[in-house]
Amino acid sequence: MLRYLVNRIASASLVLLVVSLFTFVLIWLVPGDVASQLADPGASVEELQRIRARLNLDQPWHVQLLSWYGNLLRGDLGQSFLLNRSVTEAIIERIPVTLSLTLLALVIAVVLGVSAGIIAAVHHGGWADQSIMALALVGLSIPDFWLGLVGIYVFAVALGWLPSGGFVPLLQDPVGWARSMALPAFTLGITQVGLIARITRSSMLDVLGQDYVRTARAKGVPAFKVVAKHAFANALIPVITVTGVIVGVLLGGAVVIEQVFSLPGVGRLIIGAVLRRDYPVIQGGLLLLAFIYVFVNIIVDLLYAYVDPRVRYG
Amino acid sequence: MADFAPAQLNEAGSLPAERFGMLKRFMANRSFVIGGALFLFVVMVALLADVIAPFDPLRNNFRYRLGPPNAAHLLGTDSFGRDVLSRVLHGSRVSLVIGLLVVILTGLFGTLIGAVSGYVRRLDNLIMRIMDGFMAFPPILLAIAIGAVLGPSLLNAVIALTVAYTPRTARIVRASVLVVRESEYVEAARALGAGHVRILFRHILLNSLGPLLVQLTFIFALAILAEAVLSFIGVGPSPPTPTFGNIIADGRNYIAEAPWITIWPGIAIMVTVLGLNLLGDGLRDVLDPRLRAEAR
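Those protein sequence lines, which keep their order, are chains C and Z.
For the first sequence, position 157 (counting from the first letter as 1) is numbered 158 according to the numbering used here, and the numbering increases by one without interruption.
For the second sequence, position 202 (counting from the first letter as 1) is numbered 209 according to the numbering used here, and the numbering increases by one without interruption.
Bear in mind the hints are in silico, worked out from the structure with no lab data behind them.
We put the CB at the ideal spot given by N, CA and C, even for glycine.
Worth double-checking, as some hints may not be accurate.
Far from chain C, by Cβ distances over 12 Å, these chain Z residues were calculated [to be verified]: (1) Ala35; (2) Val40; (3) Leu47; (4) Ala53; (5) Leu55; (6) Gly88; (7) Arg128; (8) Ala152; (9) Leu161; (10) Leu185; (11) Glu191; (12) Gly202; (13) Arg209; (14) Ala228; (15) Phe251.
Using C-beta positions, here's what the derived DEER-type ranges look like [said to hold, decoys possible]: (16) C/Val308 with Z/Gly200: 44 to 52 Å; (17) C/Leu172 with Z/Ala44: 51 to 59 Å; (18) Z/Ala44 with C/Val155: 23 to 31 Å; (19) Z/Pro75 with C/Leu172: 39 to 47 Å; (20) Z/Ser245 with C/Val26: 24 to 32 Å; (21) C/Glu48 with Z/Asn260: 30 to 38 Å.
One chain only, chain Z, in its complex shape (with noise of 0.2 Å):
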């Protein structure tokens, strides 16, 4: 399946065929294949929401409340008469951005305090202790007390999620920092005189993308899960907006005469949240074979 033939350098010193090669090995790889496909058909369809979305995910209609699933309204209205096809396709936009946040600034924190805690030998311990107190929490009970104490709001469910998955970020960017300061690499990168800074960022930390990626694609799909929890008990974006959570949240009390309000936004988040963590184990595939499911 892998192409292992070395590496040619051509004229411009890069590298063509080990490209290739992993471009090949990532279209091999049923999982990210499925996974990305999945991924990229929920984006498509937040991007297009306004386009595609039959009605105004807004607009109420008090003739047609708790419809069941017509020729209208494909997967039926909601207690304002609110088409929930409209909601669930805005929705994904919503919660696509929430989680889409989270990991850029999960990714950023993460890396940062990873990176300081894997090379500054001082600061190490210190560090670590106090990621190790933050995870003590459950992940979603931290996001709600942190939701709760600053209000509901977009950014503010922004903030305690990334708050609730930073410390394991951080961990995992400091275990491959400290595999790959000990490299010989980076003492040839010493021995030759390049500062700190230099070493840190071109040398340990490019090298250290790989688990980082994973694990951020593994958080985009705990995020998107996550904010439908916040949205659902109040500590989310605040109704009417629509999230996949708000949208279960209304639903919930007509659990039993309009079941389908409750329904599709759930099975939305399932592909979704499905299509990450699929890409997720493709791309721990790929780019470390050694790790395998116990590294979740």
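Extracted from the complex, chain C is given alone in its bound form (with noise of 0.2 Å):
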């Protein structure tokens, strides 16, 4: 196990030195001069040159990207332009928001998506699996942005059950929190059920298909058990596999999802970035939720091994 670890990290820790070194030339990528874009019209040579010297581009292209690195590891993401402050504060700040309403999608996800494929898969050809798969595929062809905003007109505009968008903090109001979490949650959360609906289910009809089952089966083992307990626990290793690329994919939802919203998150931060071209906040918030990938991917793999024990002897 524990060479699995440290294998497992080095192959992170490679990944995460692509990541910072994209991140890193993304800014070079800007066509024409970043000075004069990010200066108002008309700004003085001086002006110019001070926005350079502020991002490092007067220097030559190592001494840039030994400060990025170095720079990184103290944590230091440079200075945001618009907000007049440290990138990292900004992102530890906005942080929590992105990391509730990504953990509580995924809790929707996993919980709705894995029940769906074991009930598919228990009825397998019956009408409750064809209703499950095709709306499994339907779920996975909706935009999840254009679903919250269906969703602010049916429960907010319409019903008025729920707030349009905006951010309650869990500690001044949990049901304020609640109430602001919800439709974002599971918008966000919805659209990834039907992978893991397929997923479970494909995988759950494998496993129903095995020996063992059959040997449970015949020794007169009742249905719910065989179900329940000796196939669940085995057709969970794929589903746990793919909650790894899961949480990249709602990361990413997030940042719009929060868009849509109003939810002061880091996705917020990005894209309010974005249309400004405040390029470190961008490169931070790149470089974070890459971050945050990678190591939810090692806790997967991890996951995987002890649930698996060929995995870790392989």
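Both chains are given apart, each in its own frame, so use the hints to dock them into the complex.
Here you go:
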């Protein structure tokens, strides 16, 4: 297990190296002169030079690279242009919103998806199976931000049950928090239910066809217990794997969903920065979400190795 | 359902029975037929947008702003009084063009990178670690960042989405190259003295086309969804160009008084993407029955 862990962390560090290098290069891809885009029209030469200095763009590339990594190791992601503060601070302030949104959506997606997948597999070929699979495919085809807008129309505008946006901190008012997070978390989570349901179903069907399940049935274990005890644990392995991928999709989706529901998270920070060309914030946000994704996938892989011994000895 | 009769070579040396069996298998696959029909419908609409759209999608009409659906404007009008139906019809054109370009470029670069990685052992590790790095970014976020840096335009959206989806494609191509390169007919070709280029293109890549085709169909679907996001947040083709995402972005501020602006382009996206997803499922079932839902 320890060797597996070391290997896993080594390859993750390589990934992070590529991630940070690409994020660094990103600002060089800006067509034309970065400084003149950021400055007010008609800015003086000194003003432009000041902006370049602030982005380190007046230095040769290797100095830029070294200071990028030097700062990164100290947790310094640079200064935001518009917020007039450090990117790290701005992100830390907003990360709880993004993480809680992603986590809630993940729970919704996994609970609904796994249940739907099991029901479909148990009733393989029946109407329940067919309608769940059809719904799953439709779900995979819905744009999440649009579903959010439709949700706002139905639940906030037409029915008036939930707020149409805005955020209430959990500690300040738990009920208000739940109300403010319900729609965003559901819209984000529900788009991934289909994928999880499909994978749970096919993995469940695989397991239900195994010899040991037949043995359990033959010796008279009740149908419910066969599914719950013998099949479920083994069918869960592919679901765990895909959870890692889904976290990435959800983090990306959260960026847009936060925008739709005016939630003050990292996503809204990034999109605000995109529209105003606040490059350090874009770089910092991108880097952070990729880091979270890599970290979550290390955990997923360890969980996977824990559940399935073949992986860690393989 | 499938016809497993041994294929008969006719005089020209082709396999008519096998080809016919393949077509029959496609037509017997429900997902493929429904998905194909849906997608074909969307393509026809996009091609004929000029003919069937009742209005110019860019023409303002300030006397009928935010107008509810009526006989003249079947899907209502937006905040500029533009006909929503006409904008959705023309929007399908822009969205499909972006999707198609992304599919072509992703297929091209993905195949190239995947083939080199799978065939040239020494480069494999390096290339795949770089791909892993790119796959650590949520694709949509990567596309947003690249689109933000390059500036909003149709071409830049295509570039951004291509960068976002190429790594997955390269991975799939590499995986099938790794399998096919060990097969006996590749060994036979090598024994017969075929060069690397010939082996790679004629023997390996041609036999890896199935999984690639399936993957590209799903990428088409993902690209349509992602393009809508990019346009929605203002990193896609600039307004007033109608794209699904742009129309939804226009409607967003009027969701309470004019929900039709938002709702219809979303349904158009759903129909397009559902068609592609069904098509991809069907292609996968027929081309490689061993792969199932988890392959996504």
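Structure-based check of each hint:
1. Ala35: Holds, since 17 Å exceeds 12 Å.
2. Val40: Label holds. Min Cβ-Cβ 15 Å, cutoff 12 Å.
3. Leu47: holds (16 Å)
4. Ala53: holds (17 Å)
5. Leu55: holds (23 Å)
6. Gly88: holds (21 Å)
7. Arg128: Its Cβ never comes within 12 Å of chain C, the nearest being 18 Å, so this holds.
8. Ala152: The assertion about Z/Ala152 is violated, with a minimum of 5 Å to chain C.
9. Leu161: Non-interface label stands for Z/Leu161: nearest chain C Cβ at 15 Å, farther than 12 Å.
10. Leu185: holds (17 Å)
11. Glu191: holds (27 Å)
12. Gly202: holds (33 Å)
13. Arg209: holds (33 Å)
14. Ala228: Violated, because the least Cβ-Cβ distance between Z/Ala228 and chain C comes to about 7 Å, which does not exceed 12 Å.
15. Phe251: Since the minimum Cβ distance to chain C is about 8 Å, Z/Phe251 lies within 12 Å and the statement is violated.
16. C/Val308 with Z/Gly200: 44 to 52 Å: holds (49 Å)
17. C/Leu172 with Z/Ala44: 51 to 59 Å: Distance hint for C/Leu172, Z/Ala44 holds at roughly 53 Å.
18. Z/Ala44 with C/Val155: 23 to 31 Å: Holds, at about 30 Å.
19. Z/Pro75 with C/Leu172: 39 to 47 Å: holds (44 Å)
20. Z/Ser245 with C/Val26: 24 to 32 Å: holds (26 Å)
21. C/Glu48 with Z/Asn260: 30 to 38 Å: holds (35 Å)
Hint compliance for this structure: hints 8, 14, 15 are broken, all remaining hints hold.
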